Amino acid sequence: ETGVTQSPTHLIKTRGQQVTLRCSSQSGHNTVSWYQQALGQGPQFIFQYYREEENGRGNFPPRFSGLQFPNYSSELNVNALELDDSALYLCASSSGQVTDTQYFGPGTRLTVL
Amino acid sequence: GNSVTQMEGPVTLSEEAFLTINCTYTATGYPSLFWYVQYPGEGLQLLLKATKADDKGSNKGFEATYRKETTSFHLEKGSVQVSDSAVYFCALITNTGNQFYFGTGTSLTVIP
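As you go down the protein sequences, you meet chains A and B in turn.
Here my numbering is used: position 19 in the first sequence is 147, and no number is missing along the way.
Here my numbering is used: position 30 in the second sequence is 35, and no number is missing along the way.
The hints are simulated quantities; they were obtained by calculation from the structure and are not laboratory data.
Don't take every hint at face value.
Stated by the list, open to error - If you only want the chain B side, here are some residues facing chain A, beta carbon under 8 Å, derived: (1) Glu47; (2) Gly48; (3) Leu49; (4) Phe94; (5) Asn103; (6) Gln104; (7) Phe105; (8) Phe107; (9) Gly108; (10) Thr109; (11) Gly110.
Stated by the list, open to error - Pairwise CB distance ranges, derived in the manner of DEER restraints: (12) B/Lys57 <-> A/Lys141: 41 to 51 Å; (13) A/Leu211 <-> B/Lys61: 41 to 51 Å; (14) A/Thr148 <-> B/Lys61: 38 to 48 Å.
All values reported here derive from a predicted model rather than from experimental measurement.
We put the CB at the ideal spot given by N, CA and C, even for glycine.
If we strip away everything but chain A, and leave its shape as in the complex, we get (with noise of 0.2 Å):
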């Protein structure tokens, strides 16, 4: 069974671009969600995919989108890119809607210059 990952590991953008960041979920998983951790801070919610539908956002602007795909990895998108973006990307995967039991991949570190 293969745990959960993200692609890359580090990137550098600067002001208004646009980046992408992906997912691979937990083998046998059909959930995946997305958090943005500041630096110093906990993991804030932004929003999951479920059946590659949105089933649930945080309070993040539309700026951050998201898709899930048949196999049900999935890509956070960031547009306008700005410095308070920077911050630790973490998706977690998990099987169902509501459930407690969430696995967490190692992250996306973005720095935006």
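With chain A fixed as given, assemble chain B onto it according to the hints.
Showing chain B alone in chain A's frame:
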């Protein structure tokens, strides 16, 4: 609303010392409570969880008891090791929700 408050860090302890990291919560519904651990440069790992009042979660010598009357879920370990050095996050998820609510994290450093 839902929120988690945990004690400010950083915490520095000597090896074999007793550890307590306080966590309190506010939640609608009936939350499940968690402690996650994050080692340097890594993602989050589930340390332990409790899904209802008076449940005790335990793992690797760490324990936490779900106290509904005090809305708390304090993490304890009787004898810490250098390898326990990490950031610890308290979190909740409600029985009607699909997102975790995390505290701000408590950094623990254990010195030999």
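Each hint, compared with the structure:
A hinted interface residue such as B/Glu47 counts as satisfied when its beta carbon comes closer than 8 Å to some beta carbon of chain A; here the least separation is about 6 Å, so the hint holds. With a cut of 8 Å, the hint placing B/Gly48 at the interface with chain A holds, because the nearest CB-to-CB distance is about 4 Å. Hint status for B/Leu49 relative to chain A: holds, with the closest Cβ pair at about 4 Å, below 8 Å. The restraint placing B/Phe94 at the interface with chain A holds, with a minimum CB-CB distance near 5 Å, inside the 8 Å limit.
A cut of 8 Å between beta carbons decides the hint on B/Asn103: the least distance to chain A is about 5 Å, and the hint holds. Among the interface hints, the one on B/Gln104 holds; its C-beta lies about 4 Å from the nearest C-beta in chain A, closer than the 8 Å criterion. A distance limit of 8 Å between C-beta atoms decides the matter here; for B/Phe105 the minimum to chain A is near 7 Å, and the interface restraint holds. Using the Cβ-Cβ criterion of 8 Å, the hint placing B/Phe107 at the interface with chain A is satisfied: the shortest such distance is roughly 3 Å.
Contact between B/Gly108 and chain A, as hinted, is supported at the beta carbon level, the nearest pair being about 5 Å apart and thus within 8 Å. Among the interface hints, the one on B/Thr109 holds; its C-beta lies about 5 Å from the nearest C-beta in chain A, closer than the 8 Å criterion. Taken as an interface hint, B/Gly110 checks out: its beta carbon lies about 5 Å from the nearest beta carbon of chain A, inside 8 Å. For B/Lys57 paired with A/Lys141, a C-beta distance near 44 Å keeps the hint of 41 to 51 Å intact.
Between A/Leu211 and B/Lys61, the C-beta spacing of about 43 Å keeps the proposed range 41 to 51 Å intact. Separated by about 42 Å at the C-beta atoms, A/Thr148 and B/Lys61 satisfy the suggested range of 38 to 48 Å.
Taken one by one, the earlier hints all hold for this structure without exception.
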